[in-house]
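Peer 1: In order, the protein sequence lines correspond to chains A and U. Straight run, no breaks: the first sequence in full-length UniProt numbering ends on number 306. Straight run, no breaks: the second sequence in full-length UniProt numbering ends on number 252.
Derived by calculation from the structure, the hints in this document are not laboratory data. One or more hints might be untrue.
To be verified - Here are some chain U residues pointing at chain A (derived, C-beta under 7 Å):
hint, residue
1, D82
2, R85
3, V88
4, H89
5, M94
6, Q104
7, F106
8, T110
9, M117
10, Y120
11, L121
Said to hold, decoys possible - Cβ-to-Cβ under 7 Å is the rule here; a few derived chain U residues that face chain A:
hint, residue
12, Q93
13, H98
14, E113
15, K214
16, I218
Cβ coordinates follow ideal geometry from the N, Cα and C atoms, glycine included.
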Amino acid sequence: MQRKGFERVSGTYLLQQLINGISLGSIYALVAIGYTMVYGILRLINFAHGDILMVGAYSALGLAMSLHLPFWAVLAGSMLIAALTGVLVERAAFRPVRGAPEEVTMITSLAVSIFLENLGTMVLSPQPRKFLVPDYLLVIHNWGGLTFNNMTILIVVLAVGLMLALTLFVTRTNLGIAMRASSENLQAAQLMGININRIVATAFIIGSGLAAVAGVMLGGQYGRIDPLMGFVPGLKAFVAAVIGGIGNIAGAAVGGYVLGLAEVLLVGLLPPSLSGFRDAFVFIFLILMLLIRPVGILGSVERGRA
Amino acid sequence: MCELSIHESGERQVTSEPLLVLEHVDAGYGNIQALDDVSLHVKQGELVALLGANGAGKTTALRVISGLMRPRKGRVSFQGRDIARAGVHEIVQMGIAHCPEGRQIFARLTVKENLRMGAYLRRDPEGVARDLEWIFEHFPVLRDRLSQSAGTLSGGEQQMLAIGRALMSKPTLLLLDEPSLGLAPIIVDRIFKVIAQLKEQGKTIFLVEQNAFKALEIADRAYVLESGRIRMKGRAQELMANEDIKHAYLGG
Numbered sequence: 001m002q003r004k005g006f007e008r009v010s011g012t013y014l015l016q017q018l019i020n021g022i023s024l025g026s027i028y029a030l031v032a033i034g035y036t037m038v039y040g041i042l043r044l045i046n047f048a049h050g051d052i053l054m055v056g057a058y059s060a061l062g063l064a065m066s067l068h069l070p071f072w073a074v075l076a077g078s079m080l081i082a083a084l085t086g087v088l089v090e091r092a093a094f095r096p097v098r099g100a101p102e103e104v105t106m107i108t109s110l111a112v113s114i115f116l117e118n119l120g121t122m123v124l125s126p127q128p129r130k131f132l133v134p135d136y137l138l139v140i141h142n143w144g145g146l147t148f149n150n151m152t153i154l155i156v157v158l159a160v161g162l163m164l165a166l167t168l169f170v171t172r173t174n175l176g177i178a179m180r181a182s183s184e185n186l187q188a189a190q191l192m193g194i195n196i197n198r199i200v201a202t203a204f205i206i207g208s209g210l211a212a213v214a215g216v217m218l219g220g221q222y223g224r225i226d227p228l229m230g231f232v233p234g235l236k237a238f239v240a241a242v243i244g245g246i247g248n249i250a251g252a253a254v255g256g257y258v259l260g261l262a263e264v265l266l267v268g269l270l271p272p273s274l275s276g277f278r279d280a281f282v283f284i285f286l287i288l289m290l291l292i293r294p295v296g297i298l299g300s301v302e303r304g305r306a
Numbered sequence: 001m002c003e004l005s006i007h008e009s010g011e012r013q014v015t016s017e018p019l020l021v022l023e024h025v026d027a028g029y030g031n032i033q034a035l036d037d038v039s040l041h042v043k044q045g046e047l048v049a050l051l052g053a054n055g056a057g058k059t060t061a062l063r064v065i066s067g068l069m070r071p072r073k074g075r076v077s078f079q080g081r082d083i084a085r086a087g088v089h090e091i092v093q094m095g096i097a098h099c100p101e102g103r104q105i106f107a108r109l110t111v112k113e114n115l116r117m118g119a120y121l122r123r124d125p126e127g128v129a130r131d132l133e134w135i136f137e138h139f140p141v142l143r144d145r146l147s148q149s150a151g152t153l154s155g156g157e158q159q160m161l162a163i164g165r166a167l168m169s170k171p172t173l174l175l176l177d178e179p180s181l182g183l184a185p186i187i188v189d190r191i192f193k194v195i196a197q198l199k200e201q202g203k204t205i206f207l208v209e210q211n212a213f214k215a216l217e218i219a220d221r222a223y224v225l226e227s228g229r230i231r232m233k234g235r236a237q238e239l240m241a242n243e244d245i246k247h248a249y250l251g252g
C-alpha cells in the first residue's frame, strides 16, 4: 500500500489501519494472556513465552508437511504440542526455582528463552521456512477500498472466540475460579485444598496453547517462520500485559488491542521516514503508560502477599 | 504426657487418641524460634483455645498444623496419621480447615465464588447446598451480598465470609485464627455466638485468640503460649479463675 503523509489521511486509510491494528492486537492479546496468567499465579515474568509461539508455529509446519492434516487439525495439534512444551518447561526449569526472588525466576526464563531459540536454530536451521496456509485463507476481500483477507478475519474471530471461552472457563468452572483465587492469594488458595501444581500446569497449558495460535497466525500472515520469530512478538505481548495491568486476564486482552492499534496507527500516521522506529514507539508507549498509570489499565494496586 | 504413651503403643489405637496431637514441636523462621517444644492436643468435639500475646507463636502453631509451615522437630498427627510432611491441599482433604489470620478472603471474587472455593474438594452437591443454607442462616448478610465482590464487604462481614468459607469444606477440625481481630465488640459477640453454636453441634474447633476472656467463655480447655512455649494449660473455667491469667490477659 502507498504510504501517506499527514496531509492525505483519508477515512478509508484510517479504517484500513484500524483493521490492521485489530488484527495485530488480536495476536498480542493471545500472547499477553499467557504472560499475565503465569505472572498472576507465580509472580514469574516468563520471557520464554514468546518462544512457545515459535514452537507452535513449527509444530504446525511439521504437522502440515508430514501428516497432511486439514488446517483446523494442524492448529489444534500445534496448540497441543505447545501446551506440552509449556508444561515441560515449567517442570524442568521453573518449578525448581519456585519461591525464589523474582530476579532469579526472571533470569531463569531468559535462559529458557535463549535455550529454545538456539535449540530451534540448531535443529531446524536458522533459515526461515515457508509457511503455507490453505488458499481459501488468502482470498482477499475489497470493500470500498478496504482490503483484508480471510486470514485477518480468522485471526480476529479465533482470538475473540478463544478469549470468550477463557472467560467462561475462569468464571464458571471450579478450576477456573481456583485459578483466579490462586492469582489473588496463593496461600489462601492452598487452604481451600487447591493443588497449586495443578493450577500452574493449567496456566501453562492455556497460555502456551494461545501462544501457538498466535504463532500459526503470524506464520500465515507473513508466509514464513524462523526460530527467532517469537522474540519480538513475545516482548511486545509482555508490554501489552503490563499496559493492561499484569496479572489481570481482561487487562491482557485490552492491553493487546491497545498496543496493536497504537503501534499500527503511529506507524501509519507518522511520516514514512519514521516507520523504521516502529518498535521504539511500542516502548515509548510503555514508558508513557507506566508514568501515567503504573498499575496498567485494569490493574489494581497490590496489597502485600502473605 | 498420656497422649504420648497412647501414641507409642501402636498405630491401631486411633480411636482412643485425640483428633489432633502436637508433640515437642519446634518451628521458626530463620533465626527466630517461634515454637519451642510445644505439645498439645485437641479431642473430638472439643473447643480448645490457644491464648497468648502478639508474637507468642499462636499463628505459627496453626500454620504448622495446616502444612503452611514445616516443623523443625516434633510430630504433628491428625486422626493418628503423621501430617508434618503432607502438602497443604492434602491436609485440607483429610478434614482440617484453616481460617487464616487477617481473613484472607478472595477480594476480587464474589461472595458466592469465595464460598464455592471453600467447597473446592467436595463432590457432594446436596451436602454443599445444606452447608450453604446453614451459613446463610447464621450469617444472613452473606446471602444478601452473594454476587458482590468480597472486597466490598465490611471487616465483620469479611470475617463471617472467612468462617463460612472454611466451614464449606465440612471440616472435621476447624482452625480459627483471631476471628475477633479488628472488629467492633458487637460483631465480635455475633461471631463468638456462632462459634459456640458450632461447638454445640459437635464441631471440633481449635481457636487462636488474643481476646482471652472471650475465648475462655466458650472454650472447654485452653493453652497459654508465651514466647513460643506453653506456659499454662487447663480447663477454661480454671484458667479464668487463675490469678496469673487474670493479671496478664484478662486485665484483672
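Peer 1: With 7 Å as the cut and Cβ atoms as the points, is U/M94 at the interface with chain A?
Peer 2: violated, 10 Å
Peer 1: Verify the interface restraint on U/L121: the C-beta must sit less than 7 Å from at least one C-beta of chain A.
Peer 2: Since chain A brings a Cβ to about 4 Å from U/L121, closer than 7 Å, the hint holds.
Peer 1: Regarding the hint that U/D82 lies at the interface with chain A, is the smallest CB-CB distance below 7 Å?
Peer 2: For U/D82, the interface hint is violated, since the closest Cβ of chain A sits about 19 Å away, which is over 7 Å.
Peer 1: Was the hint right that U/M117 lines chain A, CB cutoff 7 Å?
Peer 2: holds, 5 Å
Peer 1: Next item in the hint list is U/R85. Is there a CB on chain A closer than 7 Å to its CB?
Peer 2: With a minimum Cβ separation of about 15 Å from chain A (threshold 7 Å), the hint on U/R85 is violated.
Peer 1: Can we keep the U/H89 interface hint, with Cβ of chain A closer than 7 Å?
Peer 2: U/H89 check passes; min Cβ-Cβ to chain A is 5 Å, inside 7 Å.
Peer 1: Take the shortest C-beta to C-beta distance between U/I218 and chain A; is it under 7 Å?
Peer 2: violated, 23 Å
Peer 1: Per the CB criterion, is U/T110 less than 7 Å away from chain A?
Peer 2: violated, 9 Å
Peer 1: Tell me if U/Q93 is really an interface residue toward chain A, meaning its C-beta lies closer than 7 Å to one of theirs.
Peer 2: With Cβ-Cβ at 6 Å, under 7 Å, it holds.
Peer 1: Taking the closest Cβ pair, is U/Q104 under 7 Å from chain A?
Peer 2: Nearest chain A Cβ about 4 Å off; hint holds.
Peer 1: Let's test the interface hint: is any C-beta of chain A closer than 7 Å to that of U/E113?
Peer 2: With Cβ-Cβ at 5 Å, under 7 Å, it holds.
Peer 1: Restraint: U/Y120 near chain A, CB-CB cut 7 Å. Satisfied or not?
Peer 2: Cβ of U/Y120 sits 5 Å from chain A, so the hint holds.
Hint check: violations occur at hints 1, 2, 5, 8, 15, 16; the rest are consistent with the structure.
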